[in-house]
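J.: As they're listed, the protein sequences go chains P and H. Letter by letter, the first sequence follows residues 2 to 307 of the numbering used here. Letter by letter, the second sequence follows residues 35 to 557 of the numbering used here.
Since the hints were derived computationally from the structure, they do not count as laboratory data. You may find that some hints are simply not true.
To be verified - Examples of chain P residues lying across from chain H (beta carbon under 10 Å, computed):
{"id": "1", "residue": "Lys-46"}
{"id": "2", "residue": "Ala-89"}
{"id": "3", "residue": "Glu-91"}
{"id": "4", "residue": "Gln-202"}
{"id": "5", "residue": "Phe-254"}
{"id": "6", "residue": "Pro-257"}
Stated by the list, open to error - Okay, the calculated bits of chain P under chain H, using three or more residues with CB under 8 Å as the criterion:
{"id": "7", "region": "7–19"}
{"id": "8", "region": "37–45"}
{"id": "9", "region": "48–58"}
{"id": "10", "region": "162–168"}
{"id": "11", "region": "282–288"}
What the hints assert, rightly or not - Straight-line C-alpha distance at most 27 Å; calculated BS3-like pairs for lysine-lysine:
{"id": "12", "chain 1": "H", "residue 1": "Lys-442", "chain 2": "P", "residue 2": "Lys-46"}
{"id": "13", "chain 1": "H", "residue 1": "Lys-488", "chain 2": "P", "residue 2": "Lys-46"}
{"id": "14", "chain 1": "H", "residue 1": "Lys-442", "chain 2": "H", "residue 2": "Lys-322"}
{"id": "15", "chain 1": "P", "residue 1": "Lys-46", "chain 2": "H", "residue 2": "Lys-349"}
C-beta atoms are modelled at their ideal positions from N, C-alpha and C, and glycine is treated no differently.
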Amino acid sequence: MGRYILYRLFLTLFVLVGITILVFAMIRLVPGDPAELLADQWATKEQIEFLRRTWGLDKPLLIQYLVFVGNLLHGNLGESIASNMPVAYEIAMRFPNTLKLAVAGMVIAVVIGGIAGIVSATKPYSLFDNVAMVLALIGVSTPAFWLGLMMILLFSVKLNWLPCTGADTLKHLVLPGLTLGLLAAGIIARQTRSSMLETLQQDYITTARAKGLREAAVIYRHALKNALIPVVTVVGLQFGRLLGGTVLVETVFSWPGMGRLMVDSIFTRDYPVIQGAVLVFATAFSLINLGVDLLYGFIDPRIKYE
Amino acid sequence: MRKLQGLLVGLLFLFLMVVAWGEEAKYGGTLVVALGTDIPIFDCVYCHGIPNLGIIHLVTQGLTRVNPTGGEPKVLPVLATSWEQSPEDPRVWIFHLREGVKFHDGTPFNAEAVKFNIERMLDPETGALARSAFAMIKSVEVVDEYTVKIITKEPFAALPAQLAYSPMCINSPTQVQKLGNRDYHKAPMGTGPFKFVHHIRGQEILLEANEGYWGGRPNLDAIIVKPIPEAASRLMALEAGEVQVAYHVPPRDAKRYIENPELGIDILTPPQQRRMFIGLNVQWGPFKDPRVRQALNYAVDKEAIIENIFLGLTKPMDSPMPPTALCYTPAKYYEYNPEKAKALLAEAGYPNGFEVTLHYGPGRYLMDTEVVEAVQYYLEQVGVKVKVVPLEWAAYGAMMRKPLEENKLQMFFIGWGLPTLDPELGVGPFSKAAWAPGLNCMFYSNPEVEELIKAQRAATTLEERCEIVKRIQELIMEDAPFIALYYEPQIHAKRREVKDFVISVTERIDEVLIRDTWIEKEK
Chain P
2 MGRYILYRLF LTLFVLVGIT ILVFAMIRLV PGDPAELLAD QWATKEQIEF LRRTWGLDKP
62 LLIQYLVFVG NLLHGNLGES IASNMPVAYE IAMRFPNTLK LAVAGMVIAV VIGGIAGIVS
122 ATKPYSLFDN VAMVLALIGV STPAFWLGLM MILLFSVKLN WLPCTGADTL KHLVLPGLTL
182 GLLAAGIIAR QTRSSMLETL QQDYITTARA KGLREAAVIY RHALKNALIP VVTVVGLQFG
242 RLLGGTVLVE TVFSWPGMGR LMVDSIFTRD YPVIQGAVLV FATAFSLINL GVDLLYGFID
302 PRIKYE
Chain H
35 MRKLQGLLVG LLFLFLMVVA WGEEAKYGGT LVVALGTDIP IFDCVYCHGI PNLGIIHLVT
95 QGLTRVNPTG GEPKVLPVLA TSWEQSPEDP RVWIFHLREG VKFHDGTPFN AEAVKFNIER
155 MLDPETGALA RSAFAMIKSV EVVDEYTVKI ITKEPFAALP AQLAYSPMCI NSPTQVQKLG
215 NRDYHKAPMG TGPFKFVHHI RGQEILLEAN EGYWGGRPNL DAIIVKPIPE AASRLMALEA
275 GEVQVAYHVP PRDAKRYIEN PELGIDILTP PQQRRMFIGL NVQWGPFKDP RVRQALNYAV
335 DKEAIIENIF LGLTKPMDSP MPPTALCYTP AKYYEYNPEK AKALLAEAGY PNGFEVTLHY
395 GPGRYLMDTE VVEAVQYYLE QVGVKVKVVP LEWAAYGAMM RKPLEENKLQ MFFIGWGLPT
455 LDPELGVGPF SKAAWAPGLN CMFYSNPEVE ELIKAQRAAT TLEERCEIVK RIQELIMEDA
515 PFIALYYEPQ IHAKRREVKD FVISVTERID EVLIRDTWIE KEK
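Whenever a hint applies, use it, and build me the whole structure from the sequences.
T.: As structure tokens, this is what we get:
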């Protein structure tokens with residue numbers, strides 16, 4: 002197990018190196034650079050060149066990359082061009098917000114989606130099942146942007162119950178968390194339902210019923226546990242996606258998270274911040290995937306890691 | 035008689051009480067302002083974006099500022115109280131400074147501080163984004179505690195206006211030296227009505243009233259600035275009362291607020307200074323012929339665009355400068371006349387029009403996509419087929435900054451701000467010296483205009499300068515290196531309980547008038 006984890010972490014290292022090269026090259030291939038963008042309207046050619054030199058953008062790409070990697074090995078992500086602040090600081094200011102939002106969204110999604118999926122599967126084609134699955138479909142296909150605005154309109158503007166901007170208190174978390182959660186709940190509900198339906202048709206469920214187990218025990222102890230693997234996969238993927246920052250929800254709720262940091266940095270071509278943020282996403286995503294794989298082992302003892 | 039005296043004294047007492055109560059009632063409260071972006075960095079030297087710089091100016095003020103109403107005189111005092119150009123040598127300017135002012139850290143404001151800040155801006159080591167905007171300054175000399183002499187390389191009539199340009203702030207020299215250039219933004223110290231408290235990145239900036247402000251303590255206790263990028267969210271936060279001022283309101287929402295006064299929201303429409311036009315690369319194919327360029331100007335119905343897209347909140351461009359600029363003259367207005375446009379095109383050898391590509395960066399300017407589509411339609415009516423190419427702003431900017439040989443722009447939609455309200459930036463960019471990577475990516479140059487632009491710099495009286503600038507405006511409008519469209523309307527909104535609040539012609543919260551802003555308490 003320990004060896005397996007080490008091996009996976011070792012592989013992750015390669016993924017990260019690959020990602021740094023990709024991101025580094027991609028953002029520099031896109032037209033536009035920070036010197037052209039930030040220099041003011043009087044700027045002369047010399048001034049733009051000067052700013053490029055200041056930020057080390059005049060050097061060959063390979064040298065720039067080596068400098069970046071060299072700093073990285075010292076634990077230094079560089080400094081933001083737009084704010085003069087260390088990239089690590091910029092990320093540290095945003096990542097906790099994104100984490101909060103992602104966790105809140107996932108909890109809501111798992112609770113609502115999970116319950117709806119299980120109940121639907123136990124009573125397939127019932128009224129509840131039909132209504133729940135239509136709602137799930139709506140959840141999957143509703144634009145986050147629209148749902149967020151509607152939430153604000155109802156709960157902030159009309160009812161005045163909850164704030165619509167800021168990220169200071171738990172109250173601020175409710176609307177964006179709910180928006181994210183409801184959208185993700187749809188996917189989880191549908192996945193839980195289909196996985197449960199499949200499991201409920203297995204012979205061992207029939208056996209369990211035949212030996213006279215209570216229906217609740219059949220469903221929770223025998224069916225749900227076996228149906229969980231695909232559900233955990235979906236939850237893991239969703240969580241990874243949320244950790245990357247959900248640009249749309251963060252924009253609607255002015256939530257100071259990673260998604261907006263990333264988009265703002267792309268608009269100003271703040272290369273060091275883009276690189277740093279992508280690196281954090283990639284790491285988070287890899288670790289979550291690893292976590293999901295390890296969870297399989299707990300859920301299904303037949304799965305062993307050597 | 036005694037009774038009358040007693041009555042008078044009583045009345046006077048009552049009057050004083052009412053006045054005092056009125057003043058008292060104005061004190062207190064926190065003003066929450068929503069901007070479209072987060073302020074990247076709280077230091078004028080490294081910050082970009084005029085509304086952002088406007089917030090910084092509430093803490094670190096400038097020497098001068100432009101008249102917030104856009105009226106006369108164009109340049110008003112802040113930390114400099116008066117200025118004059120030396121009659122003997124027009125390159126020498128004397129600025130008299132406000133006395134007895136202290137920075138927030140207690141450092142006295144004086145001529146040394148001014149010299150320090152201008153030199154900081156000019157020092158290449160600083161890496162100031164707007165260094166070129168002050169490159170005309172040769173040196174700064176301290177004359178005495180409250181007098182400073184600024185010497186320009188060539189005569190430069192626009193100097194007081196140029197110093198009003200937002201990136202020029204006067205920071206406490208002690209604090210800059212203590213923290214160093216790069217870290218100064220973490221605890222900036224200025225002379226403004228508000229002190230910097232904190233900047234939670236992406237979330238809020240908190241400023242608190244400066245009790246010792248030279249203009250008297252501000253009415254407000256504090257100002258919070260929040261970045262709310264999405265316009266719909268910004269306005270809902272305004273309606274919910276979470277913010278009291280929202281920048282950049284789409285016209286359709288402005289209309290809703292005007293029609294529904296019970297929402298308690300007032301629309302602010304400060305005067306305009308940004309010129310919105312379609313730049314024409316005059317070195318490209320058909321645009322080499324001025325008749326073609328004039329034809330396109332006649333082809334577009336500016337009035338209809340203003341009426342239908344901007345609720346009539348602005349006026350069409352009739353000069354390369356906005357009406358709020360110094361020396362503005364309505365030089366030439368191209369009325370909507372498609373027949374004349376067709377005739378001019380035929381005369382130039384394009385009776386069946388031609389095909390052309392128009393680039394723009396959607397989302398940058400108010401209602402830009404709608405305007406570009408309208409222009410496309412109007413040009414189609416006179417036979418000019420326009421292919422519209424939207425580009426992300428940075429990529430678009432990179433295209434514009436390319437020098438003539440590599441520049442692929444034919445037509446492009448752009449807005450030129452005039453934050454100094456001065457002809458120097460008003461007409462200066464229409465010269466070869468400003469060709470891309472400078473602003474002029476029309477690659478326009480007219481020898482007569484070039485001469486006159488130099489001449490206005492050297493003019494020593496306002497009359498002389500305006501006479502020259504008038505001629506420049508006429509020549510540029512006649513040459514039409516652009517399709518002159520309109521001056522971009524500024525539309526902002528505030529809640530009705532916010533009183534005496536001014537956003538200036540330059541999109542900044544006025545750094546002096548903010549002292550008087552107050553919030554009416556609920557009854």
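J.: Does each hint hold? Answer for all of them.
T.: Hints and how they fare:
Interface hint at Lys-46 of chain P: satisfied, since its Cβ lies 5 Å from the closest Cβ of chain H, which is below the 10 Å cut-off. Residue-level restraint check for Ala-89 of chain P is violated (minimum Cβ-Cβ distance to chain H is 13 Å; threshold 10 Å). Because the beta carbon of Glu-91 of chain P sits about 6 Å from the nearest beta carbon in chain H, less than 10 Å, this interface hint is met. With a least beta-carbon distance of about 47 Å to chain H, the hint placing Gln-202 of chain P at the interface is violated under the 10 Å criterion.
The interface hint given for Phe-254 of chain P holds, since its Cβ lies 7 Å from the closest Cβ of chain H, which is under the 10 Å cut-off. A cut of 10 Å between beta carbons decides the hint on Pro-257 of chain P: the least distance to chain H is about 3 Å, and the hint holds. With 0 residues having a beta carbon nearer than 8 Å to a beta carbon of chain H, the region 7–19 of chain P misses the requirement of three or more and the stated coverage is violated. With 9 residues carrying a beta carbon less than 8 Å from a beta carbon of chain H, the region 37–45 of chain P meets the three-residue requirement, and the given coverage holds.
Check result for the region 48–58 of chain P against chain H: holds, 5 residues qualifying (beta carbon to beta carbon below 8 Å, three or more required). Counting residues of the region 162–168 of chain P whose beta carbon lies closer than 8 Å to any beta carbon of chain H gives 5, which reaches the threshold of three, so the coverage claim holds. Only when three residues or more bring their CB closer than 8 Å to a CB of chain H does the claim for the region 282–288 of chain P stand; here the count is 0, and the claim is violated. Restraint check for Lys-442 of chain H and Lys-46 of chain P: satisfied, since their Cα atoms lie roughly 18 Å apart, inside the 27 Å limit.
Proximity of Lys-488 of chain H to Lys-46 of chain P is assessed by CA-CA distance (about 21 Å); at most 27 Å being required, the pair is judged to hold. For the hint linking Lys-442 of chain H to Lys-322 of chain H, the alpha-carbon distance of about 15 Å falls within 27 Å, and the restraint holds. For the hint linking Lys-46 of chain P to Lys-349 of chain H, the alpha-carbon distance of about 34 Å lies beyond 27 Å, and the restraint is violated.
Hints 2, 4, 7, 11 and 15, counting from the list given before, are not met by this structure.
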